[in-house]
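Novice: Sequence:
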Amino acid sequence: MSTTLKVLSAKKVIANYQINQGEQLIIEARAQSNYQLVDDKTGFAPDNIITKRDGKDLKIYLNDGDMSEDIIIKDYYGDEIGETTNLLVGKHENGGIYAYIPESGLQPDAVSLLADQAVAPQALGGEELVSAFWVFNPWWLLALAPLAAGIAIAAHDGGNNSGGGDLNTQADGATKLVEEAEAKAKALDDKIKELEADGNISAEDKATLDALKADADAAKAKADEAVKGLPADNAAKDGLQGRVDVIDNTIPDGNGRDDAIDKQVEDATKLVKAAEDAEKAAEK
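Here the sequence shown stands for residues 1 to 284, where the numbers follow the numbering used here.
Calculated from the structure, these hints are not laboratory results.
Since we're looking at a predicted model, the values are computed, not measured.
All residues carry an ideal CB built from backbone N, CA and C; glycine is no exception.
One should not assume that every hint holds.
With a cut-off of at most 27 Å between alpha-carbon atoms, the simulated DSS-like pairs for lysine-lysine come out as follows [unchecked claim]: (1) Lys59 - Lys237; (2) Lys193 - Lys74; (3) Lys270 - Lys186; (4) Lys237 - Lys191; (5) Lys12 - Lys74; (6) Lys59 - Lys186; (7) Lys193 - Lys176; (8) Lys41 - Lys56; (9) Lys193 - Lys237; (10) Lys213 - Lys273.
Restraint-style ranges between C-beta atoms, simulated for each label pair [claimed, not checked]: (11) Asp277 - Ala214: 40 to 48 Å; (12) Asp40 - Pro231: 30 to 38 Å; (13) Glu127 - Val13: 20 to 28 Å; (14) Gly96 - Val13: 25 to 33 Å; (15) Glu127 - Pro231: 17 to 25 Å.
Start from the sequences, fold in the hints, and give me the full structure.
Specialist: This is the structure we're talking about:
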């Protein structure tokens, strides 16, 4: 699967970038520009995305099966929260252009208003835009106020471009993050069982587990942030939080030796035992 990011000024398309699954796009923010996401398979916008603010950078996570950021827009944010007027936008199946707005319906979760290190699931919604091109419109966020009860565009005639999903589901993004955190935790647990099969965790094994644990911990942290960002009255919130809380990424301590040294120790132990057995046999 691949996704295209278009950078649009007030009058024209400035750049097109294609992001294939597993790749990462890093670009510099451009003043007075919108960023349009296009699912190359359907020609429409991705249903849901996850956004995170990291310092002045905006990180975008696509629903492509991995937990790494797919797009990083450097210096997207100014010194003050809400300073940027550049939108993430997309084309819905109904042909309209809409901005990505927070699934929670809360203004602090809007892309341009995220606090540092905040994570928020986003979906197309709000008022239809005149076009995808940038327009100075600092008041568009006011449209979020009446949207808390149902922020996203209703799917038309049988569903959205994923074939039956519902853009009204506020917990979709958080659920996906929880599922991915659980998958990372299971992968870590499976690797622990595999390496413990010989009763020995070498330094090399420990390094492998440390890397998997770091990945799993990051996935859990993202899931936890997303779930905590859901409205208190969201029916799925407590259940999702419970699933996050039980994720345990604990790993065993290693014995501090690499596999080659372990083999040498094993061979030496066998030789010592053989020598002791031979000495005992000679004394008889």
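Novice: Would you mind marking each hint as holding or not holding in the structure?
Specialist: How the hints compare with the structure:
For the proposed pair Lys59 and Lys237, the alpha carbon gap of about 24 Å is at most 27 Å, so the pair holds. Among the hinted pairs, Lys193 with Lys74 is inconsistent with the structure: their alpha-carbon atoms are about 40 Å apart, more than 27 Å. Between Lys270 and Lys186, the direct Cα distance comes to roughly 36 Å. Violation of the 27 Å bound is thereby established for this hinted pair. Under the criterion of a C-alpha separation no larger than 27 Å, the hint pairing Lys237 with Lys191 is inconsistent with the structure, at around 30 Å.
At roughly 21 Å between alpha-carbon atoms, Lys12 and Lys74 fall within 27 Å of each other, so this suggested pair holds. Of the pairs offered as hints, the one joining Lys59 and Lys186 holds, with about 26 Å between alpha carbons and a cut-off of 27 Å not exceeded. About 26 Å separates the Cα atoms of Lys193 and Lys176, which keeps this hinted pair within 27 Å; it holds. Distance hint between Lys41 and Lys56 is unfulfilled; the C-alpha atoms sit about 31 Å from each other, more than 27 Å.
For the given pair, Lys193 sits about 32 Å from Lys237 by alpha-carbon distance, which is inconsistent with the 27 Å threshold. This hinted pair does not check out: Lys213 and Lys273 have alpha carbons roughly 38 Å apart, beyond 27 Å. In this structure, Asp277 and Ala214 meet the distance hint of 40 to 48 Å, their C-beta atoms being roughly 46 Å apart. Checking the proposed 30 to 38 Å range against Asp40 and Pro231 shows it holds: the Cβ atoms sit about 33 Å from each other.
Between Glu127 and Val13 the CB atoms are about 23 Å apart, so this pair conforms to the stated range of 20 to 28 Å. Distance hint for Gly96 and Val13: a CB-CB separation of about 19 Å, inconsistent with the stated range 25 to 33 Å. Remark: the range hint 17 to 25 Å for Glu127 to Pro231 is upheld by a beta-carbon distance near 21 Å.
Hints 2, 3, 4, 8, 9, 10 and 14 from the list above are not met by this structure, while the remaining hints are.
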